[in-house]
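Chemist: Work from the hints to combine the two standalone chains into their complex.
Residue numbers (this note's numbering), protein chains in the order written: chain A, 152 to 566; chain B, 2 to 60.
A few of these clues could be false.
Lysine to aspartate or glutamate pairs mimicking DMTMM-like chemistry, simulated, CA-CA at most 25 angstroms apart [claimed, not checked]:
{"hint": "1", "chain 1": "B", "residue 1": "K3", "chain 2": "A", "residue 2": "E383"}
{"hint": "2", "chain 1": "B", "residue 1": "K3", "chain 2": "A", "residue 2": "D460"}
{"hint": "3", "chain 1": "B", "residue 1": "K3", "chain 2": "A", "residue 2": "D527"}
{"hint": "4", "chain 1": "A", "residue 1": "K440", "chain 2": "A", "residue 2": "E383"}
Every beta carbon over 10 angstroms from chain B, so not counted as near; a handful from chain A, in silico [to be verified]:
{"hint": "5", "residue": "V277"}
{"hint": "6", "residue": "E383"}
{"hint": "7", "residue": "Y530"}
In short, the hints are calculated from the structure, not lab data. All C-beta atoms in this analysis are idealised placements derived from N, C-alpha and C, irrespective of residue type, glycine included.
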Amino acid sequence: MLILLVPLANVGLALVNTGLGRARSAAHSMLAALCVTAVAALAYVIVGFAWQGVAGHPDHALVLAGKAWGWIALQPFFLRGLRLDLSPTALVILLQTFSVGLAGLIPLSSGADRWRLGAICASTAVMAGFTYPLFAHWVWGGGWLEQLGASYGLGRGFVDGGGSSTIQVVGGFTALSITWILGPRRGKFSAEGTPAALPGHNAVLALLGCMLAWMGWIALNSAGAMLFAAAEPGRVALVAVNTTLSAAASALTAAVVTLVRFGRPDTSLSANGWIAGLVASSASAAFLKPAAAIIVGGVAGILVVTAADFVEFQLAVDDPAGAVSVHAISGLWGVLAVALLADAGPHAQWLAQLVGIATLLGFVLPLTYTLNWLLDRIYRQRVDREGELQGMDLFDLGAGAYPEFDIRGDEFLQR
Amino acid sequence: MKIAGFLLLIAGWGIVVAAVALLPSPGVRLAFVLAGLAVEIFGLVLAVRAHLVLPAEGE
Chain A
152 MLILLVPLAN
162 VGLALVNTGL
172 GRARSAAHSM
182 LAALCVTAVA
192 ALAYVIVGFA
202 WQGVAGHPDH
212 ALVLAGKAWG
222 WIALQPFFLR
232 GLRLDLSPTA
242 LVILLQTFSV
252 GLAGLIPLSS
262 GADRWRLGAI
272 CASTAVMAGF
282 TYPLFAHWVW
292 GGGWLEQLGA
302 SYGLGRGFVD
312 GGGSSTIQVV
322 GGFTALSITW
332 ILGPRRGKFS
342 AEGTPAALPG
352 HNAVLALLGC
362 MLAWMGWIAL
372 NSAGAMLFAA
382 AEPGRVALVA
392 VNTTLSAAAS
402 ALTAAVVTLV
412 RFGRPDTSLS
422 ANGWIAGLVA
432 SSASAAFLKP
442 AAAIIVGGVA
452 GILVVTAADF
462 VEFQLAVDDP
472 AGAVSVHAIS
482 GLWGVLAVAL
492 LADAGPHAQW
502 LAQLVGIATL
512 LGFVLPLTYT
522 LNWLLDRIYR
532 QRVDREGELQ
542 GMDLFDLGAG
552 AYPEFDIRGD
562 EFLQR
Chain B
2 MKIAGFLLLI
12 AGWGIVVAAV
22 ALLPSPGVRL
32 AFVLAGLAVE
42 IFGLVLAVRA
52 HLVLPAEGE
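Here chain B stands alone, though its shape is the one from the complex (with noise of 0.2 angstroms):
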């Protein structure tokens, strides 16, 4: 879940340089932009996910 997290970052991250190179439209890019952060909250979600501590691992 961890590597699929930071896979999502970074996948996130690439929706919203593309969407600033490569989208005219002020309105679709700022859709598209949107979107990319979007992916990179659940990409977060799922690295934070993947860190929590269990009580029994902990030690």
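Just chain A, same shape as in the assembly (with noise of 0.2 angstroms):
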């Protein structure tokens, strides 16, 4: 039952996403960690899951050209009916179900330091309840990208694990929506548009979420294998070896690319490439060979400090610890390594990829994005200028994560 390890991938994440951020917003972002783990788990047994549906059951689909493409599941609401024993369907829903948190804890870190509590878990009801099991129905579901390969020749079809794409792609491109629509953190951007350092308040508590991630994640790619890449049980000692292998190239790339650009390894970027591997292991941990799970974390370990500084810099994205570098983009090359480097099947494989990358970036992106922005001008997402002085912690839930410590203004002092 390494499904039921799962949850420490949320816990690490949890712990990555509060150490990264700000002291006087630290108790708000567990919270809502605890907050996201909750609706995400609500919204998906109530709605999620009679959307996403289960490979080999009836969808509703629609014709094109004479080729059915399966679009959303016919599963009942509410689980009724179903029987949650030891079948393929009731491990299905157990994973989803942590699987589908994990997912909406990624945008939480995006938000940091001015995303109303309210505004967060509407935000998670939303994609637990929709946008995650439309696209996992197509990835995971029997839909349309998953039968790419029996309906038109393409490898194997759509290829993907452990999540790459519907769980960490998903979750790092609604993270690139709560940044666009909340914008900046205030006093993040100088008039000339220059960001500032707004370190992280724990490494600690950064470093140690990555450990918990490790063992998490591990469970998440070896269940996801086993249940939807047909992986039998046996591989799960090479998709243990292959996640760690990932993780490990990641995370000291990332420290090498830092030391040698900034003459020390910087901490929060070698804790962002440590989960960055582990991201772009997903997809394909099940079909690697282990030298090329190490290629695979090398590469990530490069892209995440690239991006972050791209994303920060050039496009001007306050991204507190990093979830679009971390997910959304090592997450697309964790998709596209499938074609490159693993043994998934036939060499049409790598238009599979490329088909569900193209639907990540044209479907799921401007969905997600639509719908907080909908949601947005219902239910207002950032706090107000007072709350974000005052710090989440007291303006949210009226009392901080340190009550024993002055917090605010000499936080960080420049040496």
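Modeler: Structure (structure tokens):
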């Protein structure tokens, strides 16, 4: 029952988000993580699984040029009539209840210090109840992306064992949408547009989160490979080794790159590197040779450092914990790596992966942005100026995470 | 520019889907999938530029 270890990935990510955020919003960050996990699970069980479904079961399909394109499942709401035993359907429900929470945690860090708790819950409900299950049906529930191989001879269809696309890129694109809608934190960008450093408040939390996420990710990748990529149980050892190698290579690459650039390894970018390696490994861990897993991780490490710089300095996106770089960009790399490096089938596989990437960019990103933009029209997502100055802990919760310490104004001293 | 960017993202995806569904020849299908991706990337660039924070507008 590897699936029962998957929540460790959620715990780890919550700690990373909180550690890389500011002290004045630390309690809010952890409570938001709890609320996201709760709301995501409820929304998924009530509505989400009905639309995601399981491969091999009936779904709604559009007929295009004589071929059926399954676009949404036909399962019952509230899991009515479904037996929660050790059947594949029940295991999918269990894994996805945890996975959708993980996807919901990703945008949290991008909205740090300015995203209201109620808005976080509303956005999570929308993602867990609609966006995530819709795309997951296409990839894992017998939908059209999964059927690209059978219908059009594109390799084995779109392949993603552990959720680089369904969990990580969906979460990463939601994070990008949230940063665009909320705007940057006050004081993040100067009048000339130069970003100011607003460092995380607790590197220990962030790094502990990396270690816990590692254990959860091994379970996530293994369970996903068996349930969604037809990997036999004996592949668990390979998946675990590849996941570890990818994270290790990514973290060390990020550390070396920052060492060369700044004269010292950067803690937060190294932590992001570790997570990026886990993210990139998800799609292909069951199919890679160990040496290829090292390459996947190494590239992820370079990507995350480069992308974090680019996103902040060139795109002027305030993304405190690098959710866009770590999850969206590394996730896209992980999807592409299936075709480039993995033994996942015929050479047409890479075209199937490109179609999946095109779907993420051209459908998921506009969808998640539009839904959150509409949400913002109904229920304002960003805290007001006074709240941001006080910090989300005091403004939204009425109490700080560290009541015995004065954490405003002098929490970061230039030396 | 923001709306144009998102519409181009969707249009690019439509080109990719149409290429997969309608074109039997692998070479032509590949070309149109890549063209669709190029349209999406152009749309993404427009969407990103529309969201660039102007310093005076950031406060």
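Chemist: The structure should be examined with respect to each hint, and the outcome stated for every one.
Modeler: Right, here's what the structure says about each hint:
Between the alpha carbons of K3/B and E383/A the distance comes to roughly 46 angstroms, so the proposed pair goes past 25 angstroms and is violated. For a cut-off of 25 angstroms, the pair hint linking K3/B to D460/A stands: about 23 angstroms separates their Cα positions. Our distance criterion of 25 angstroms between C-alpha atoms is met by K3/B and D527/A, whose separation comes to about 16 angstroms. Between the alpha carbons of K440/A and E383/A the distance comes to roughly 16 angstroms, so the proposed pair stays at or under 25 angstroms and holds.
A cut-off of 10 angstroms between C-beta atoms confirms that V277/A is not in contact with chain B; the least separation is 17 angstroms. Distance to chain B confirms E383/A as a non-interface residue, since its nearest Cβ pair spans about 30 angstroms, more than 10 angstroms. With a closest Cβ-Cβ approach of about 21 angstroms to chain B, Y530/A is found to remain outside the 10 angstroms limit, as its non-interface label requires.
The structure does not agree with numbered hint 1 stated previously, though it agrees with all others.
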